[in-house]
Amino acid sequence: MSMLHTVNKSPFNHDSLSSCLKCAQAGSTVLLIEDGVYAAREGTKFSNEVKDAMKNIKVVALAPDLDARGVNNNLIDGVEQVDYAGFVSLAAESHSVQSWL
Amino acid sequence: MSEIKKFMYVNRKAPYGTIYAWESLEVVLIGAAFDQDVALSFLDDGVYQLVKNQSTEQIGMKNFSPTYRTLGDYDIKTIYVEKESLEERGLSIDDLQHLIWEDEDEDWAEKDSISVVSREELGKLMEQQDVVLSF
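So the sequence lines, in the order shown, correspond to chains F and Y. For the first sequence, position 65 matches number 65 in the working numbering, and the numbering has no gaps at all. In the working numbering, each residue carries its 1-based index in the second sequence increased by 1000.
One thing to keep in mind: the hints can contain errors.
Stated by the list, open to error - Think about it this way: if two alpha-carbon atoms lie no more than 25 Å apart in a straight line, the pair counts; the simulated SDA-like pairs of lysine to any residue are:
#, chain 1, residue 1, chain 2, residue 2
1, Y, K1052, F, K55
2, F, K55, F, T29
3, Y, K1083, Y, M1061
4, Y, K1052, F, T29
5, Y, K1052, F, L75
6, F, K51, Y, E1088
7, Y, K1052, F, S47
8, F, K45, Y, I1114
9, F, K45, Y, D1044
10, Y, K1083, F, D15
11, Y, K1062, F, M54
12, Y, K1083, F, T29
13, Y, K1006, Y, K1062
14, F, K45, Y, K1062
Since the hints were derived computationally from the structure, they do not count as laboratory data. In this text the structure is predicted, and so the values were computed from the model without any measurement.
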């Protein structure tokens, strides 16, 4: 079983996303939630960093948080979306969860 | 109390993740009662506050983004959005709500409230203020 990482901070304000992407091992999943979802969009200062990481890890974004912020468009290719039930499933499927606060 | 001062509210936080954006809007609306010369600026993650099509039903929080469209009715006509902050986030003015005010001297013609300004220009505008309130 792999590990689930969650990132809830904007990549522009905190280095949580960058640190997480550097630590996350191949096969693990990074779930973007709350202000973390801004990292899911194409064309930002961080999209190349996310795309690089996606060669080895899965990046998922919480759809309700994308919708709330009006940024559920122009996402990076390959970023999956989940709802709250999907969040629970990801946590249940993982042997542990690390929240990058 | 008769002296009119230049106020700028500086908004640098994304909506919903923290309370700053909502608090700023509340203070702006309260302050609008005092007939001062008010400008709002949005930079860094603050530009996300103005993104259109926000829909918060599923996160159980109040969607306060429609409130920005009422600012013109409170005589708040000057809204600066920093160009570099938009670009770093892959955003353009078209991703933001269209905010207007009505000019009573020109038969209530609708005019754009938002000006996109460079970081350089915004820095100069900040220096011209009597009061800067940062959120």
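Verification of the supplied hints:
1. A distance of roughly 32 Å separates the Cα atoms of Y:K1052 and F:K55; the hinted pair therefore is violated under the 25 Å criterion.
2. Simply put, F:K55 and F:T29 have alpha-carbon atoms about 12 Å apart, close enough for the 25 Å limit, and the pair holds.
3. With a C-alpha separation of about 29 Å, the suggested pair Y:K1083 and Y:M1061 falls outside the 25 Å cut-off, and the hint is violated.
4. Between Y:K1052 and F:T29 the alpha-carbon distance is near 29 Å, which puts this suggested pair outside the 25 Å criterion.
5. For the given pair, Y:K1052 sits about 16 Å from F:L75 by alpha-carbon distance, which is consistent with the 25 Å threshold.
6. Among the hinted pairs, F:K51 with Y:E1088 is consistent with the structure: their alpha-carbon atoms are about 16 Å apart, no more than 25 Å.
7. Of the pairs offered as hints, the one joining Y:K1052 and F:S47 holds, with about 21 Å between alpha carbons and a cut-off of 25 Å not exceeded.
8. Distance restraint check for F:K45 and Y:I1114: the Cα-Cα separation of roughly 23 Å lies within the 25 Å cut-off, and the hinted pair is therefore satisfied.
9. Our distance criterion of 25 Å between C-alpha atoms is met by F:K45 and Y:D1044, whose separation comes to about 12 Å.
10. At roughly 23 Å between alpha-carbon atoms, Y:K1083 and F:D15 fall within 25 Å of each other, so this suggested pair holds.
11. Distance hint between Y:K1062 and F:M54 is unfulfilled; the C-alpha atoms sit about 33 Å from each other, more than 25 Å.
12. A threshold of 25 Å between alpha carbons decides the hint, and for Y:K1083 with F:T29 the separation of about 34 Å lies outside it, so the pair is violated.
13. Pair hint Y:K1006 plus Y:K1062 does not hold up; C-alpha atoms about 30 Å apart against a cutoff of 25 Å.
14. Proposed proximity of F:K45 and Y:K1062 is contradicted: the alpha carbons are some 29 Å apart, above 25 Å.
Checked against the numbered hints above, the structure violates hints 1, 3, 4, 11, 12, 13 and 14; every other hint is satisfied.
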